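Engineer: Sequences are here, hints too, so could you generate the full structure?
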Amino acid sequence: MSAPLSVRLKRAAVLSPPLLWTFVFMFIPYAILFVYSFWVQKYPTFQPAFQFGNYLQIATDPQYLRVLLRTLKIALFVSLGSALIAYPYAYFLVFKVRRPGFRLALYMAVVAPLWVSYLLRAYTWKIILGTTGILNSFLMSIGVLSEPSSVFLYNQTAMIITLIYVFIPFMVMPIYAVLEKIPKSLIEASSDLGVGRFRTFLMVTLPLSIPGIVAGFTMTFTLTFGDFIAPILVGGPDGLMIANVIASQFGAALNWPLGSALALVMLMIVLTIITISDRFERLGQGKFA
Amino acid sequence: MTQIAQERATPLPRKAAVQAERLSWMLGITAILGFLYLPIAVLVTFSFNTSRSLTWPMSGLTLDWYKKLASNDQLIDAFFNSVYVATSATSLTLIIGVPAAIALDRIDFPGKGLFRKLILLPIALPGIITGISMLILFRAIGFNLSLEAVIVGHATALLAVVVTQVYARLQRLPPSLAEASADLGASGLQTFFWVTLPNIRTAVIGSGMLAFTLSFDEIPVTFFLTGRDNTLPMYIWSTMRRGLTPEINAIGSLIVLMSAILIFLSVMLLRDKTKPKK
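Those sequence lines, one after another, are chains A and B. Counting from 1, one number per residue, gives the positions in the first sequence under our numbering. Counting from 1, one number per residue, gives the positions in the second sequence under our numbering.
Possibly wrong hints are sitting among the right ones.
Said to hold, decoys possible - Quick list of in silico lysine-lysine cross-link-like pairs, DSS-like style, CA-CA up to 27 Å:
hint	chain 1	residue 1	chain 2	residue 2
1	A	10	B	117
2	A	96	B	15
3	B	67	A	126
Claimed, not checked - Away from chain A, derived, C-beta distances all over 12 Å, residues of chain B:
hint	residue
4	83
5	147
6	172
7	176
8	201
9	204
10	227
11	229
What the hints assert, rightly or not - Reference listing, derived: stretches of chain B covered by chain A, where coverage requires no fewer than 3 residues with Cβ under 8 Å from a Cβ of chain A:
hint	segment
12	101 to 108
13	212 to 222
14	255 to 262
None of these hints come from the bench; they were simulated from the model. Being a predicted model, the structure only gives us computed values, none of them experimental. Here a beta-carbon is modelled for each residue, glycine too, at the ideal position from N, C-alpha and C.
Structural biologist: See the structure below:
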């Protein structure tokens, strides 16, 4: 740093607001969260300590492990479901639609709902799946059901459907982006060599689009993993997820140390997933680009 | 492989196969669009339902629920609170985020790696973690939970959105532009306002609009940081927990309408921006 003083001052002026902000509002809060996770709860407050009791409780109390596994399971189903719907859709847009205007319209059709409130998009499934909801009324009117059924709402399936609906744009966007970048000449070359269309898809298109699938998977997975709205709206008694448990530790249960430990466990899981997917994407790029 | 052989041997059934394939694509895509838009249609349609219960078939059409909204003071307060929060949070993120992106692009400093990781973290982290960590901070320093606390929370959570978009644009900007400006005797601030900013303008506006809509809709961070005053999503949330009414649908329909206008405007804006360049 041999730059003249005036340049250094200017640099400091550009740098200091963002640096200060991230230090005060991100670094310090995460640090306090970390410290709190070792404290002990002494009702009605909590005391400084250094012990691993909170982590031990999470590891040994089957209640927490069950919620954690359930959250992982639901996040996995939501990501898988989104990918199964999003992939054909993105594929259709890139390879089957010829008119760019129509393609843009179909792309916007998926992305546009992101502008509509998350809450309302989740809520509308409550109207659809509820006992007096549209699905029940419809099934009764065509004679499949003789009386309204309560099996559609307040369970994990309802939650998975709702979350797929809410997060699917995050799956379509990255898959579309990678499919669009695949040179058409590669696919033509494959068909010139006499490879069938299905095999071309399996051997050329699909491997090249893996980075997009991984990116979409990561987004939908982490978004679902941290969600605590859908479980309350459409999830049943067996639908609570890890974020609900954390929220209750900071609310009614008033056990901030345990809540902090749970939040750190969540943080670690999410960071692990992001790191793995990062590696994966880079691997893909190195291989094919 | 057998499929190709068949296709080559019999041209007539192949035509039928192509048509069958096209038909199944159409059906599949229509089904996906139905999945995306039927729920929104349900949301809007039921806002006109005369009866309080949300059952099909609808009992009749009315605008009563919209009239009720107009006289709902809590709702109107919540709306203006949200406008206040989203506007302030967006301004803050831009004021902090644009220099942050410039710093990441142009300046080397110790701890840059950590800074980059930290500032981009909230985009990947569940909102609840940002929410509780800031709740802990505000409690520790004795800052009251309020709309202002929510603003700081939103600004922090949305910083990543602005930084990634502006940074991506800066990366595509040749550094020679700023160098030329400096060679011609412009000061750092002059270069920023006359050279750099006009070139990253669409990224700044675009990320600002995105930050605004995300803040307007935000729940996880708001949930932990708000005091007595509710934002619009928090108000809707508390109303929902008391039960389903067409009133929520009416609010929802207005939000859908507002979003549609916003999307339309942003598409028009982008189109106008790209035309003169071509």
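Engineer: Now look at each hint and say whether the structure bears it out.
Structural biologist: Verification of the hints:
1. 10(A) / 117(B): 24 Å, holds
2. 96(A) / 15(B): 17 Å, holds
3. 67(B) / 126(A): The given pair, whose Cα atoms are some 24 Å apart, holds under the 27 Å limit.
4. 83: The claim holds: residue 83(B) sits with its nearest Cβ about 15 Å from chain A, beyond 12 Å.
5. 147: Correct as stated: the minimum Cβ-Cβ distance to chain A is 16 Å, above 12 Å.
6. 172: 16 Å, holds
7. 176: Holds, because the least Cβ-Cβ distance between residue 176(B) and chain A comes to about 18 Å, which exceeds 12 Å.
8. 201: 18 Å, holds
9. 204: 15 Å, holds
10. 227: Nearest chain A Cβ is 15 Å from residue 227(B), so the label holds.
11. 229: Consistent with the label, residue 229(B) stays out of reach of chain A, its closest Cβ about 18 Å off (over 12 Å).
12. 101 to 108: This one holds; 3 residues, not fewer than the three required, reach chain A with a Cβ under 8 Å.
13. 212 to 222: Since three or more residues must qualify, the claim that chain A covers the segment 212 to 222 of chain B holds, with 4 doing so at under 8 Å.
14. 255 to 262: Our answer is that it holds, as 5 residues pass the Cβ test (under 8 Å) against chain A, meeting three.
Violated hints are absent here; each numbered hint is respected by the structure.
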